[in-house]
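Engineer: Okay, here's what each chain looks like letter by letter:
Protein chains: 2
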Amino acid sequence: MLSDRREIGITVRKGNDFSEWYTQVVMKAELADYSPAKGFMILRPYGYAIWERIQKLLDREIKKLGHQNIYFPVLIPESLLAKEADHFAGFIPEVFWVTSAGDTTLGERLAARPTSESIAYASFSKWIKSWRDLPLLLNCWNSVLRAEIKGTKPFIRTSEFLWQEGHTAHENEADAEEEVFRILELYRSLMEKVLAVPVYVGYKSEKEKFVGAEYTITLEALMPDGRALQMGTSHNLGQNFSKPFEIRFLGKDNKEHYAWQTSWGVSWRLIGSVIMTHGDDKGLVLPPRIAPIHCVIVPIYYNKTDRQEIMSESERIEESLKSRKVRTHTDNRDHYTPGWKFHHWELKGVPLRIEIGPRDLKAREIVLVRRDHGKKVRVKIDSVETAVIDSLRDMQQHLYELAQASLREGTTEAEDYSELSSSIEKNLGFVKAAWCGAESCEEQVKNETGADIRLIPLAKEEARTACLVCGKESKHLVYFAKAY
Amino acid sequence: MLSDRREIGITVRKGNDFSEWYTQVVMKAELADYSPAKGFMILRPYGYAIWERIQKLLDREIKKLGHQNIYFPVLIPESLLAKEADHFAGFIPEVFWVTSAGDTTLGERLAARPTSESIAYASFSKWIKSWRDLPLLLNCWNSVLRAEIKGTKPFIRTSEFLWQEGHTAHENEADAEEEVFRILELYRSLMEKVLAVPVYVGYKSEKEKFVGAEYTITLEALMPDGRALQMGTSHNLGQNFSKPFEIRFLGKDNKEHYAWQTSWGVSWRLIGSVIMTHGDDKGLVLPPRIAPIHCVIVPIYYNKTDRQEIMSESERIEESLKSRKVRTHTDNRDHYTPGWKFHHWELKGVPLRIEIGPRDLKAREIVLVRRDHGKKVRVKIDSVETAVIDSLRDMQQHLYELAQASLREGTTEAEDYSELSSSIEKNLGFVKAAWCGAESCEEQVKNETGADIRLIPLAKEEARTACLVCGKESKHLVYFAKAY
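As they're listed, the protein sequences go chains A and B.
Straight run, no breaks: the first sequence in numbering that gives the first Met the number 0 ends on number 483.
Straight run, no breaks: the second sequence in numbering that gives the first Met the number 0 ends on number 483.
Don't take each hint at face value.
What the hints assert, rightly or not - Below are the DSS-like pairs computed for lysine-lysine, each with C-alpha atoms no more than 30 Å apart in a straight line:
hint, chain 1, residue 1, chain 2, residue 2
1, A, Lys303, B, Lys251
2, B, Lys27, A, Lys62
3, A, Lys192, B, Lys37
4, A, Lys324, B, Lys62
5, A, Lys242, B, Lys37
6, A, Lys13, B, Lys62
7, B, Lys62, A, Lys62
Stated by the list, open to error - FRET-style restraints, in silico, Cβ to Cβ:
hint, chain 1, residue 1, chain 2, residue 2, range
8, B, Ala173, A, Lys374, 22 to 28 Å
9, B, Pro456, A, Glu314, 38 to 44 Å
10, B, Gln67, A, Lys125, 51 to 57 Å
11, B, Glu60, A, Thr385, 40 to 46 Å
12, B, Ser322, A, Glu438, 18 to 24 Å
13, A, Arg358, B, Asp393, 31 to 37 Å
Rather than coming from a laboratory, the hints here were simulated on the basis of the structure.
Note that CB positions come from ideal geometry on N, CA and C, so glycine has one too.
Working from the sequences, and respecting the hints, build out all of it.
Structural biologist: In structure tokens form, the structure reads like this:
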């Protein structure tokens, strides 16, 4: 019943059954696992190590912009969550409610935080008195809970997820707007330069914006099955929260003002985007910048003498690479064959593999294999460090270029409603279309095709046609897509 | 109503009203704040920065010992929490229960995790199949929820707290025991070398051990009011969880075995211990190793020309110190006086202050002030880096020595019951006393004096008397104290 054998390897092709392929990669690469509570996910050590990389890089940038981390409690009294009416109405269908502690029924229900605006801003009103207290720039690393009624998908849609949520308060509208766009650029850079996932950015429609926001800026990527994935959002809250929460301050003009606010977040969903975008039939492919292991060394030997020599050379190379900040691991397990190890580390998406056997050693060479295109090159041991560092840089860039090409190919423009509808049906990706701005037209497309307006470009793109739905004058050329 | 003024400064003496002093330091140094939900605490940016320091140092050591981080969901189905009966019975009085999601009443209640043994070990049984999967060494950084019915105190006793919880599984009993003690030493080193808080270590009595453990090792510090503070615990779980959770593996002997387990944790309570131990009438005093700011530079000037020169010298010193990994901050605010700034940074416990004024600059000197004893020294600008680094090292050591002297003074031995009872009543600290090992005697002391057995020394200490309660033969010399 119990056995020491492990099944590895993905049994379906990415192009044939994308959904099953995704689940297998998540599970077999040991990124995550299901939890006994339905809809919840366990982030396993390998997945957690990727999250730590993202967290470390993002945290550093958030702090560079002057933000400080803070922790707000996970339980929020219902009356507090209810203070901003739209916000409350938007979140209430998915709130987990705590109703008792031990044997005692609570006088007021407590919400497991779906997001922290309400509990944060109750404190902002205590902490902010003067313009000298502004801007107040805070960030939280925590988990939030939103009961998922639709099917759940690891990393993409779960009833609890790890994320960061930023919350800021500013003296005036312009400062808040600047913050919204500063964070947008931070996120864009994280996604494109670190995750190698290109994104479109733009406004959400009124229907799709964050509940309680003035407006929402979104970053949207395209997954290989033609669906859009919302990667992160940055909200301008205006004074919508500062008024009910009474966040007032004495201005430079010696008058009382309500603060101007923003909030913004990205979650472990980013890991989902990486899996979907870069993975292949062999499993995960990790962009070097977030890979817990950059380079795995697989020693190849057939007898004890060889083993000793090859091991000691492998360790020397490992140390040398580590001293150059290359995260290197030597797989010295004797009970697995080199072939098994190749598959294992390919499944786990490690960017580079070094193979070193007796003949290689004699020639003072190693074989270097890149995970993305699988090409092998022979490299002199003397120059292995340079070769590894160059390959990591090239691979990071190559993954981005491939994804960028897919995004370009996956973006079309529809001239009429039937083209919009058929492009969506064929899962072509983003379909640009003229829209009059009416929510009724937006809803009709959603109901008939399943596609949302994913974004309205920041810089207005001119439409060549009238609204594809109602034929009235077009207000925006917008990006439609089905989405996760 | 709104005003730009701030009250700073602690209005009571540590020695006169310790409890009020503690609350004022927490609030006025902006370490934490109360939350709208009763019993919950907000960890403010300055407190969070201290937590990040502790977290970073501890996380590094935990990883060096081979542990990996993981995230388990915050909600645990009741049936899972109930699998280990003692564990369940111990935690159930303080569990927050989630009973609905949106409008839907859940089929089974979900517990907000009071600790993660149950949810972790449900997965261990899936992940562990062979001896090759062992040891499994995992750690979580998360928050746990335990409804506090007694009065709450920031950092010390709150209904939610940030902590780390380690969970491991081993092939045999000896390996698990080794892990328990390896972690004990890791914790001891963190407390003594990083927090400068000396601790006693020992076993918990059967009555006080972790519910579900074979035995618990505890680290106990002494606070200035004579109360013990449990700083951390490391539990040997034996096979108490692996049996109900069916964590079985195929051993090297090709037979099936149940795993041997440990769990262990420390929380933000560590910050509470630092505040209580090192703080003084002026406020917080931070050991350099966890201070978010090591050294604050306060420029002193009376006119614009001075300001420019002094600011540029201050910035040069700041850069030079930063390049030597001294966390330095120049307080260049024009709207506060130097005197106000001195008080402000003393309240915040910053280890060192550099004062630099026009006459100092002319003499190419600065004034260096240590937060612990307040002594001022004049230092040549040329040697400020060395002076700062030496002072930080000396202050770290000095704080530890002071605390160690207090611990020694606060540890006495009782020859008879009335001495035990009166020493506890006088808040003398730890009182060593002979104990027969019976829970009835332990309970009598608790009921009559309010003191618990805080620990049973690891290396047996010989008692010179019989059990102070019942007069029967003594089994252990144990440490009694009232505790937080």
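Engineer: Each of the hints needs a verdict: does it hold here or not?
Structural biologist: Against the structure, the hints come out as follows:
With a CA separation close to 23 Å, the supplied pair Lys303 (chain A) and Lys251 (chain B) stays within the 30 Å bound. Proximity of Lys27 (chain B) to Lys62 (chain A) is assessed by CA-CA distance (about 23 Å); at most 30 Å being required, the pair is judged to hold. Distance check on the hinted pair: Lys192 (chain A) and Lys37 (chain B) sit about 44 Å apart at the alpha-carbon level, beyond 30 Å; violated. Annotation: proposed proximity of Lys324 (chain A) to Lys62 (chain B) holds, straight-line Cα distance about 17 Å (limit 30 Å).
Distance check on the hinted pair: Lys242 (chain A) and Lys37 (chain B) sit about 24 Å apart at the alpha-carbon level, within 30 Å; holds. Restraint check for Lys13 (chain A) and Lys62 (chain B): the C-alpha separation of about 35 Å exceeds 30 Å, so the hint is violated. Distance check on the hinted pair: Lys62 (chain B) and Lys62 (chain A) sit about 25 Å apart at the alpha-carbon level, within 30 Å; holds. For the pair Ala173 (chain B) and Lys374 (chain A), the supplied restraint of 22 to 28 Å is violated, since their beta-carbon distance comes to about 48 Å.
Between Pro456 (chain B) and Glu314 (chain A), the C-beta spacing of about 43 Å keeps the proposed range 38 to 44 Å intact. For the pair Gln67 (chain B) and Lys125 (chain A), the supplied restraint of 51 to 57 Å is violated, since their beta-carbon distance comes to about 39 Å. Distance hint check: the CB atoms of Glu60 (chain B) and Thr385 (chain A) are about 33 Å apart, inconsistent with the given range 40 to 46 Å. Roughly 57 Å separates the CB atoms of Ser322 (chain B) and Glu438 (chain A), a value that falls outside the hinted 18 to 24 Å.
Remark: the range hint 31 to 37 Å for Arg358 (chain A) to Asp393 (chain B) is contradicted by a beta-carbon distance near 59 Å.
In the structure shown, a violation is registered for the earlier hints numbered 3, 6, 8, 10, 11, 12, 13, in ascending order.
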